[in-house]
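First to last, the sequence lines map onto chains A and B. Letter by letter, the first sequence follows residues 1 to 537 in the numbering used here. Letter by letter, the second sequence follows residues 1 to 355 in the numbering used here.
What the hints contain is simulated information worked out from the structure, not anything from laboratory work. Treat the numbers as computed from the prediction; the structure is a model and nothing was measured. Some clues are possibly wrong.
Derived coverage of chain A by chain B (criterion: at least 3 residues anywhere in the stretch with Cβ under 8 Å from a Cβ of chain B; other residues may be distant) [as the list claims (entries may be wrong)]:
#	region
1	380–392
2	401–407
3	424–438
4	452–466
The calculated DSS-like cross-link candidates involving lysine-lysine, where the alpha carbons are at most 30 Å apart (straight line), are [what the hints assert, rightly or not]:
#	chain 1	residue 1	chain 2	residue 2
5	B	Lys263	B	Lys183
6	B	Lys309	A	Lys340
7	B	Lys263	A	Lys442
8	A	Lys340	A	Lys392
Built from N, CA and C at the ideal position, the CB exists for glycine as well.
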Amino acid sequence: MADSDGRQIDSINHAADGDGKGHGIVRAKTEGKELTKEEKQRLRKEKKQHKKNKKDDKVPTEKEKEKEKPSVQAPSKPVTQSPTHKAAPVPVSASASESLAAAEKPVKTKAELRAERRARQDSERTSKQGKKEGGQQSTTSKPKASPSELQPVVKRLPEHVQVDDPAALKKLAKKLERQQVPLRSDYGYKVSLFSHLHQYSRKNPPTQQISIPATVIHPSVVRLGLQYSQGIIAGSNARSVALLHAFKQVIQDYSTPPNEELSRDLVNKLSPYISFLSQCRPLSASMGNAIKYIKKEISNIPSQCKEEEAKGKLQECIDSYVNEKIILASEAISKYAIEKISNGDVILVYGCSSLVNHILCDAFEKQRKFRVIVVDSRPRLEGREALRRLVKKGIRCTYVLISALSYILPEVSKVFLGAHALLANGYVMSRVGTSQIALVAKAYNVPVLVCCETYKFCERVQTDSFVSNELDDPDDLIVTRNGKTHLENWQTVKSLGLLNLVYDVTPPDFVDLVITDLGMIPCTSVPVVLRVKNVDQ
Amino acid sequence: MPGADKETDLSERIESFLSELKRCGSGAGSLRGSAETARETSALLRRITAQARWSNAGELMEIIRKEGRRMTAAQPSETTVGNMVRRVLKIIREEYARSRGSSEETDQQESLHKLLTSGGSSEDNFRQHFPHLKANVIEAINELLTELEGTTDNISMQALEHIHSNEVIMTIGRSRTVEAFLKDAARKRKFHVIVAECAPFCQGHEMATILSKEDIETTVIPDAAIFAVMSRVNKVIIGTQTVLANGGLRALNGTHTLALAAKHHSTPLIVCAPMFKLSPQFPNEEDTFHKFVSPHEVLPFTEGEILSKVNAHCPVFDYVPPELITLFISNIGGNAPSYIYRLMSELYHPEDHEL
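Make the full structure from the sequences, and use the hints.
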């Protein structure tokens, strides 16, 4: 209330006319009398005018900003330019936060764009170029250097680990407002160690705040967002494949507006979708790599390509990505892994990893004799899904919870684990509990094998499970036993908190072997693979 | 006849005690805590001493041994019953020796000498009749009962020596001893507690609600996150079901994982266990060590189709080796795990290890 009063008084004071009337109103308020009808109408008019003035002020300043931006550029911010676009330049936070590599892609788009701008605004640039070009070229020359040289990484911190910074939150809110994507609010009491992360409730998905029909966000993306936030689609492979299929649909339905280039406009169109999906559930490393790939393919489309041809090409690219990186990769990994499974083995698996399930089913088809122990943990209980799939195949299975691990491990001969991502310092990021299994297996001298496709390798480094993680809905931990639910009213108790982590990192000394589609490598060879991949690209 | 009445009354009580033991053993975290079981066992043994017919110490020990065997057979995992029986047997031996006039030490030396030479049976030593033996034994058992009542308080009195302010303490499941320990420290110091819920019984939830009512900052984590959060933990304080003769533990499932994680991060592991939990068993007996409960806690019947094709296990206890334990806190003070064998020789007589 006080805030609106302040604004009203401000608008009154700043209004060009009606100063005396303004004072009258203020006096009326202070005297505690009710505002008369005409005074209320006057207030409303003044408010409207003030808002109009504000908007008018904004647009010219934005235009100025745009004109300045070409000459004053931070190397990490690509500016998409088109004369008709009034909106402020699309920030790279969408791509930088999800993509986890250095800023190589922005270099190419910047080069193209700068060439165009130079053609259009020659006179202005000559005056400012003298001052700024010197500094500019030195900063842009470094990323332009061949990728084999060591680059200074000018990375921006991803938004989803800056929840405790109010400036970052404000920036995010503004960006989402501009893209017309609903902002999701945090839920419940957050444990102090994790106050820098988001914690959402599953009962309030952001899809509830979207009107039907959604104008900005494609319906298949809305559906995908809902499936992510409710946990219907889970697992990094499944999420990436679903994402790519949704994008295929988007590209199918896309039509280039007049005076636009497909290669630039389509990338712009994808940014609000990505923001929306990351509001539904923070993006995984595999999804980030897939998005980077798509954006690169889109911006590589030559400008003289016809629309239908371009769309067909992109669909093909996506199909080949899914085929190569996910389906064929799992075949290759399965071939390598079967060499490691011998007759009479007792294999322990944790949770539900599509890749590990595939390996076990393949080995069973190739007539290997083994039995499987499935370890599961609350609250997700994903192991039951793995159990169903394996039993359907006919594999002999045992099922325990993770607290019974010390009891069951003496029987085990090998441990197969799946991964969510492999970090550049050799740590394995996977479902919470994986590091525990690796720890106890090491204590009992049981070999631990991690299976991971190369498209999940990422260049981040991390040493503990705190700095970058995902917090799931804390209400999942509540359970009713014998008719009693102890944690039912945990929100009312001030000093009680529930922590539902999703991921954890396993140190490389617990892992004996990583099986990838490139072969069987030790955990510490991950940065070598990344380097080789970058050179190839 | 009054004599017969007493006897039937006594056997009734024993029967009801046995059936209670059998019933409340299902699921970890029996309906009553170990302290209560210990107290009831001691009270029952006192009653047996008072009401049963015996003329000398040997007969009394026979009766108690017989009843003790029945009681431990009713619920083998409830080791406090057996421990109390052995304590009472040791009391009887001591009282007998005192009545005879020989001091304890010579008795022990004698038995060692006898062990090394012909190993003559010490049975005939207990045939003498002393009129005041009954009263002495009953008095000693009363002392034992008072000691039992004060164990939890004695342990929680030491809390402030081990917890400093702004610490992060981790615990697993629910232990009444640890609860009292932490509550006592919370009166003077501010610290955080992380409770691992210990599926499938989820007793950690109850522990967390109790602690948070005392204004202790509590966080509940699932078992899978134990290693993930261990790097921020300063101390691990746990309770246990039994302390074994080698200094190891028989504790709730999941405790071994917790101990390994603590060892990896070099976090001290403190076990709060009163002396009546100390048992002369060793962990080598594979088939008697573990106890299993119905696996419907793990894989409920709603899973239907796959139930018949899958083996599901739900063990209740875990073995924790003594190398992973830093300190034992009991009602007689703090001890290292390597000292447990000595404490045991003070509490129990070597011939009573096998009931």
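We went through each hint and held it up to the structure:
1. 380–392: holds (count 4)
2. 401–407: Satisfied; 7 residues make the cut.
3. 424–438: As far as the region 424–438 of chain A goes, the hint holds, because 5 residues have Cβ atoms under 8 Å from chain B.
4. 452–466: holds (count 3)
5. Lys263/B x Lys183/B: Holds. Lysine 263/B to lysine 183/B sits at ~26 Å (cutoff 30 Å).
6. Lys309/B x Lys340/A: Since the Cα atoms of lysine 309/B and lysine 340/A sit roughly 26 Å apart, the hinted pair holds (cutoff 30 Å).
7. Lys263/B x Lys442/A: holds, 13 Å
8. Lys340/A x Lys392/A: Holds - the C-alpha atoms of lysine 392/A and lysine 340/A are around 23 Å apart, at most 30 Å.
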